[in-house]
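Residues per chain, in single letters:
Protein chains: 10
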Amino acid sequence: MDVHIPRDLEEKVRVDTVAREKEYAQELQREGRWLHLWRIVGQYSNISIFDVESADELHELLWGLPLFPYMDITIMPLTRHGSAIT
Amino acid sequence: MDVHIPRDLEEKVRVDTVAREKEYAQELQREGRWLHLWRIVGQYSNISIFDVESADELHELLWGLPLFPYMDITIMPLTRHGSAIT
Amino acid sequence: MDVHIPRDLEEKVRVDTVAREKEYAQELQREGRWLHLWRIVGQYSNISIFDVESADELHELLWGLPLFPYMDITIMPLTRHGSAIT
Amino acid sequence: MDVHIPRDLEEKVRVDTVAREKEYAQELQREGRWLHLWRIVGQYSNISIFDVESADELHELLWGLPLFPYMDITIMPLTRHGSAIT
Amino acid sequence: MDVHIPRDLEEKVRVDTVAREKEYAQELQREGRWLHLWRIVGQYSNISIFDVESADELHELLWGLPLFPYMDITIMPLTRHGSAIT
Amino acid sequence: MDVHIPRDLEEKVRVDTVAREKEYAQELQREGRWLHLWRIVGQYSNISIFDVESADELHELLWGLPLFPYMDITIMPLTRHGSAIT
Amino acid sequence: MDVHIPRDLEEKVRVDTVAREKEYAQELQREGRWLHLWRIVGQYSNISIFDVESADELHELLWGLPLFPYMDITIMPLTRHGSAIT
Amino acid sequence: MDVHIPRDLEEKVRVDTVAREKEYAQELQREGRWLHLWRIVGQYSNISIFDVESADELHELLWGLPLFPYMDITIMPLTRHGSAIT
Amino acid sequence: MDVHIPRDLEEKVRVDTVAREKEYAQELQREGRWLHLWRIVGQYSNISIFDVESADELHELLWGLPLFPYMDITIMPLTRHGSAIT
Amino acid sequence: MDVHIPRDLEEKVRVDTVAREKEYAQELQREGRWLHLWRIVGQYSNISIFDVESADELHELLWGLPLFPYMDITIMPLTRHGSAIT
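Residue numbers (the working numbering), protein chains in the order written: chain V, 1 to 86; chain A, 1 to 86; chain B, 1 to 86; chain P, 1 to 86; chain H, 1 to 86; chain C, 1 to 86; chain X, 1 to 86; chain R, 1 to 86; chain Z, 1 to 86; chain D, 1 to 86.
Bound-form chain V, shown alone:
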């Protein structure tokens, strides 16, 4: 997920949206659906691993991100690797 908040977004709106994004991300992490969340060094971007039941669930989850309108999201479906020990 690459985040591009427009420079002309009202300060109050920006601060509020970022705060709601954080709350939303942490709630989903606590629910175990947002498994991992890392910052990419030097970029306003993250790498996230989701654990969802279906593509529909993932879409609703992403569509609900407060920063969604300002994000470019690339999705790669993952599965267990034959050499993984867990």
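Everything labelled a hint here was simulated from the structure, so no lab data went into it.
No false leads were mixed into what you were given.
In the DSSO-like style, the derived pairs of lysine-lysine whose C-alpha atoms are separated by at most 27 angstroms in a straight line are:
(1) C:K22 x C:K12
(2) H:K22 x H:K12
(3) P:K12 x C:K12
(4) Z:K12 x D:K12
(5) X:K12 x V:K12
(6) Z:K12 x H:K12
(7) A:K12 x D:K12
(8) A:K22 x A:K12
(9) B:K12 x A:K12
(10) H:K12 x B:K12
(11) Z:K12 x Z:K22
Quick list of simulated restraints, FRET-style, between CB atoms:
(12) D:F68 x X:G82: 17 to 23 angstroms
(13) C:P69 x D:L9: 52 to 58 angstroms
(14) C:A19 x D:E57: 56 to 62 angstroms
(15) H:P6 x R:D51: 42 to 48 angstroms
Glycine is no exception: its CB is placed at the ideal position from the N, C-alpha and C atoms.
The hints should help you fit chains A, B, P, H, C, X, R, Z and D onto chain V, whose structure is shown.
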């Protein structure tokens, strides 16, 4: 990591290299240095998360992969995300 | 799915693999898991829609394609569109 | 079709255009010309399959989309696949 | 259409295929289905305009090209332009 | 030629420029210098074939397009194809 | 690091940010953490070599750049080369 | 060098900058440092050959272009070709 | 023009082809049709400027290059620049 | 510099070429013309900084690399950065 094993690689060499790769990957996972390993659906590729002390350590680790000569590797340094709960 | 069968593949192997691919594709269509299959005009490529329970199921399905070693596959998770009537 | 509605589009215009888009899409689906319509997960984009008589008909159909001025459209002509069972 | 004839193709096969390609192209031009055919300067490539009834017809036509196995083909559906005088 | 008319262009200017573009295109077609003009389906773009004496003439012709400031133009020099029948 | 300062940034803000950027860059160079800094000829871009303990340190360092919001940064982890004499 | 003058640049500033650019380019041509200057057909771009003592000199020369802030510049270092007769 | 001579080309053929290429290039330079020829630093590539009457002439000239089968050629039509002093 | 040594290169030739490359690289480093040499982590590639008098010198230096035939080299001319302290 995208894997491209040449079609003309001797069968015995291929089988042996893939086996050594698996052993190597599992040893590093047990050591806690290869944190996560996922297969990308529909591709002979994986997404891996490493936990290393330095770029030097990561290089030695990757250079030692039995399949290294047949891999295209892209690296993204990651750091803790401000919204991560762990 | 773009198919690139190597020119030096033995004729007998090529014919057999393509036949098994067709059989496999038709079996999956009959099961309702391979929902749609279209040829892209002027290319040895297809656009396919799968209806699967999970990323794991999709991976096994694709990994099992007889032509898998000669394919480049790009996957886009889809979900219901709000304007769809079905 | 990727949709990029400009942020400074008047709210009333945006809502009205999106509503007309939905109506237009559903009418074409009922006519059997817009065969399939899927949302791409995590993107304001869709994958659509059209069943039209000619390139001219497809052009008029697309040019008439209320959201057309805000869309990037990529077209791939499709034909029946030899392994399709329908 | 970009043509990439493999260097190791038998000379006799190459000459024969190129001759059949020319014959095929000229027959289709006489039938009025291959409307225009230009060489791109400095490249073993051409720009062609086809006049066909359907995507199916275009696919059969292209699939039948003797050089088809050695071609990369990109297709752009065209329609009448509002400023065209014919 | 891809056309990108800015959304904030004054309506009167837009209408006038598009009208002058049409007039200009038709005059050049009548002169036989703008040989073919097709609309690309689903895009505000065209494919054009010009018959000019020199690169200088082509440049003046294109530079004179009323919509030139809003266009991305890609040029491919063409020549007669050995298999063309005209 | 490619720098894209928006044209509508207030002059005073621009001058102040560029000055703070210079001060910040020179302080880090004196500390030995910003090892090399070169301008790419003909571009508002630079190539920099950092000597840091960890990805976390690099992220904080970059995130702190006064021009960070206007930069596109690409990172390549480096290690000692076997043929290097130092 | 691709030139992208912003549409909202004040007319007087635009005219003045373009005039100074021309003067600057011609002075450098007279000095023999700007060896060749060609317009790319159908684009607000040029191909230029410079004859300079060093990368530093080239950078100063380019940085001094009145249109520099509106240019994308790509540089390819050239040297004598073994088959050149001059 | 990027040159990619295949590694398995017979040594005698390679040497002969390169020699004929040089002769051909020098003859065209003497005729004034191959105006400039520069080597790109660090690449088996060149930048060339041709002065020809037509696209047809350029095509014949390039098609006749002894190394043509091993070249990727990109062509940009050029014209006089308004700021050029010659 | 990305290195792609062909798999079918004779072992003796490969070992000898790599050894000569190392010797060549170290000699140039001792002369002060090859200023820096870093390995990119996880890739058979390096980032190098050269200090040369001219493009001609750089070309001869690179052309002389024993591994040159197996390298893809990208060059970026650098100059002193205004914020550099050395």
